[in-house]
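Position chain B against the provided structure of chain A, taking the given hints into account.
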Amino acid sequence: GESVGLHLPTLSVQEGDNSIINCAYSNSASDYFIWYKQESGKGPQFIIDIRSNMDKRQGQRVTVLLNKTVKHLSLQIAATQPGDSAVYFCAARPGYSTLTFGKGTMLLVSP
Amino acid sequence: NAGVTQTPKFRILKIGQSMTLQCTQDMNHNYMYWYRQDPGMGLKLIYYSVGAGITDKGEVPNGYNVSRSTTEDFPLRLELAAPSQTSVYFCASQASYEQYFGPGTRLTVT
Chain A
847 GESVGLHLPT LSVQEGDNSI INCAYSNSAS DYFIWYKQES GKGPQFIIDI
897 RSNMDKRQGQ RVTVLLNKTV KHLSLQIAAT QPGDSAVYFC AARPGYSTLT
947 FGKGTMLLVS P
Chain B
5 NAGVTQTPKF RILKIGQSMT LQCTQDMNHN YMYWYRQDPG MGLKLIYYSV
55 GAGITDKGEV PNGYNVSRST TEDFPLRLEL AAPSQTSVYF CASQASYEQY
105 FGPGTRLTVT
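Protein chains in written order, with the working numbering: chain A, 847 to 957; chain B, 5 to 114.
The following block holds chain A by itself, in its conformation from the complex (with noise of 0.2 Å):
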């Protein structure tokens, strides 16, 4: 099976900063990754993934880092927005099994 931790349950930044929400796996044979934004009251929502064969992808303010050797995975949102302000959820899949997802981290972002 798999698990998935996050380091944090919550992160408060200032607008403007740089958040870096991060997130651990456990099944080394994980090939994908993703992350959700969960707004209060709302289902998750897609923010980006990433598959095991590359080590960062990036969207738009948002980049996904992996680090494979460790089990580590990381998102940074670049230029934090008080709209920023949600439960980020990472999730991780091995093979043809179906997404584990971790508890979430917080994200707080103040004026």
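Because the hints were derived from the structure by calculation, they are not lab data.
Glycine included, C-beta positions come from ideal geometry on N, C-alpha and C.
Just to be clear, a hint being listed does not mean it is correct.
Taking lysine to any residue and the SDA-like style, the derived pairs with C-alpha atoms no more than 20 Å apart in a straight line are [unchecked claim]: (1) A/Lys-917 <-> A/Gly-941; (2) A/Lys-949 <-> B/Asp-42; (3) B/Lys-13 <-> B/Lys-61; (4) A/Lys-917 <-> A/Ala-875; (5) B/Lys-48 <-> A/Pro-855; (6) A/Lys-902 <-> A/Lys-888; (7) A/Lys-949 <-> B/Thr-28; (8) B/Lys-48 <-> A/Ser-872; (9) B/Lys-61 <-> A/His-918; (10) B/Lys-61 <-> A/Glu-848; (11) B/Lys-13 <-> B/Arg-110; (12) A/Lys-917 <-> A/Asn-873; (13) A/Lys-949 <-> B/Val-64; (14) B/Lys-13 <-> B/Glu-83; (15) B/Lys-48 <-> A/Lys-914; (16) A/Lys-902 <-> A/His-918; (17) A/Lys-888 <-> B/Thr-28; (18) A/Lys-914 <-> A/Lys-888; (19) A/Lys-888 <-> B/Lys-13; (20) B/Lys-61 <-> A/Pro-940; (21) B/Lys-48 <-> A/Met-900; (22) B/Lys-61 <-> B/Tyr-35; (23) A/Lys-917 <-> A/Met-900; (24) A/Lys-902 <-> A/Ala-875; (25) B/Lys-48 <-> A/Lys-902; (26) A/Lys-888 <-> B/Val-92; (27) B/Lys-48 <-> A/Thr-915; (28) A/Lys-949 <-> B/Glu-102.
Derived coverage of chain A by chain B (criterion: at least 3 residues anywhere in the stretch with Cβ under 8 Å from a Cβ of chain B; other residues may be distant) [to be verified]: (29) 891-901; (30) 948-956.
Facing chain A, a subset of chain B residues (Cβ under 7 Å, in silico) [to be verified]: (31) Gly-46; (32) Tyr-68; (33) Gly-106; (34) Pro-107; (35) Gly-108.
Just chain B, lined up with the frame of chain A:
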């Protein structure tokens, strides 16, 4: 496209009652999932389906049942509600790799 829709949004059940949580997607996705989310926790997989007529258990299937008679619909059935089933339930459908989530059903069992 409406995406993934779930009904009801909220429900309060008494212990021992039954109910069905509805989930519909209009994206013609074969893969569909049911998750529960307890406060401060991640999503736990209850059941999933890889296509009409095919379902399988996830991590926490006890107390639940599912069916998948069409591509669009994937209802989740609670037969004898227990307080431990108080949670927020999310349905999702999947295209290639990405899962699309519905808005959730908040269920309280008292």
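Now the hints, each set against the structure:
With a CA separation close to 15 Å, the supplied pair A/Lys-917 and A/Gly-941 stays within the 20 Å bound. This hinted pair checks out: A/Lys-949 and B/Asp-42 have alpha carbons roughly 10 Å apart, not beyond 20 Å. Under the criterion of a C-alpha separation no larger than 20 Å, the hint pairing B/Lys-13 with B/Lys-61 is inconsistent with the structure, at around 24 Å. Under the criterion of a C-alpha separation no larger than 20 Å, the hint pairing A/Lys-917 with A/Ala-875 is consistent with the structure, at around 10 Å.
Note on B/Lys-48 and A/Pro-855: the hinted pairing holds, with a Cα-Cα distance of about 18 Å set against a maximum of 20 Å. This hinted pair does not check out: A/Lys-902 and A/Lys-888 have alpha carbons roughly 28 Å apart, beyond 20 Å. Distance hint between A/Lys-949 and B/Thr-28 is unfulfilled; the C-alpha atoms sit about 26 Å from each other, more than 20 Å. Annotation: proposed proximity of B/Lys-48 to A/Ser-872 holds, straight-line Cα distance about 17 Å (limit 20 Å).
The straight-line distance between the Cα atoms of B/Lys-61 and A/His-918 is roughly 28 Å, outside the 20 Å bound, and the hint therefore fails. Proximity of B/Lys-61 to A/Glu-848 is assessed by CA-CA distance (about 16 Å); at most 20 Å being required, the pair is judged to hold. Only pairs whose Cα atoms come within 20 Å are accepted, and B/Lys-13 paired with B/Arg-110 is accepted, the gap being roughly 6 Å. About 8 Å separates the Cα atoms of A/Lys-917 and A/Asn-873, which keeps this hinted pair within 20 Å; it holds.
As the CA atoms of A/Lys-949 and B/Val-64 are separated by approximately 16 Å, the hinted pair is consistent with the 20 Å bound. The suggested pairing of B/Lys-13 with B/Glu-83 holds, with an alpha-carbon distance near 19 Å, which does not exceed 20 Å. Simply put, B/Lys-48 and A/Lys-914 have alpha-carbon atoms about 24 Å apart, too far for the 20 Å limit, and the pair is violated. Proposed proximity of A/Lys-902 and A/His-918 is supported: the alpha carbons are some 12 Å apart, at most 20 Å.
Using a Cα cut-off of 20 Å, the hinted pair A/Lys-888 and B/Thr-28 holds, with the two alpha carbons roughly 17 Å apart. With a C-alpha separation of about 31 Å, the suggested pairing of A/Lys-914 with A/Lys-888 is violated against the 20 Å cut-off. Pair hint A/Lys-888 plus B/Lys-13 holds up; C-alpha atoms about 11 Å apart against a cutoff of 20 Å. As the CA atoms of B/Lys-61 and A/Pro-940 are separated by approximately 17 Å, the hinted pair is consistent with the 20 Å bound.
Between the alpha carbons of B/Lys-48 and A/Met-900 the distance comes to roughly 27 Å, so the proposed pair goes past 20 Å and is violated. A threshold of 20 Å between alpha carbons decides the hint, and for B/Lys-61 with B/Tyr-35 the separation of about 13 Å falls inside it, so the pair holds. Of the supplied pair hints, the one linking A/Lys-917 and A/Met-900 holds, its CA atoms being roughly 13 Å apart against a limit of 20 Å. A hinted pair counts as satisfied when its Cα atoms are at most 20 Å apart, and A/Lys-902 with A/Ala-875 qualifies at roughly 18 Å.
A C-alpha spacing of about 27 Å is found between B/Lys-48 and A/Lys-902, which places the hinted pair above 20 Å, so the restraint is violated. A threshold of 20 Å between alpha carbons decides the hint, and for A/Lys-888 with B/Val-92 the separation of about 10 Å falls inside it, so the pair holds. A hinted pair counts as satisfied when its Cα atoms are at most 20 Å apart, and B/Lys-48 with A/Thr-915 does not qualify at roughly 27 Å. At roughly 19 Å between alpha-carbon atoms, A/Lys-949 and B/Glu-102 fall within 20 Å of each other, so this suggested pair holds.
A stretch counts as covered by a chain when three or more of its residues have a beta carbon under 8 Å from one of that chain; for the stretch 891-901 of chain A and chain B the count is 3, and the coverage holds. Three residues within the 8 Å Cβ limit are the bar, and the stretch 948-956 of chain A against chain B gives 3, so the coverage statement holds. Hint status for B/Gly-46: holds, given a least beta-carbon distance of 4 Å to chain A, under 7 Å. Because the closest C-beta pair between B/Tyr-68 and chain A is about 16 Å apart, greater than 7 Å, the hint is violated.
Hint status for B/Gly-106 relative to chain A: holds, with the closest Cβ pair at about 5 Å, below 7 Å. At its closest, the beta carbon of B/Pro-107 sits 5 Å from a beta carbon of chain A; the interface hint therefore holds under the 7 Å criterion. Here the hint on B/Gly-108 is kept, as its CB sits about 5 Å from the closest CB of chain A, short of 7 Å.
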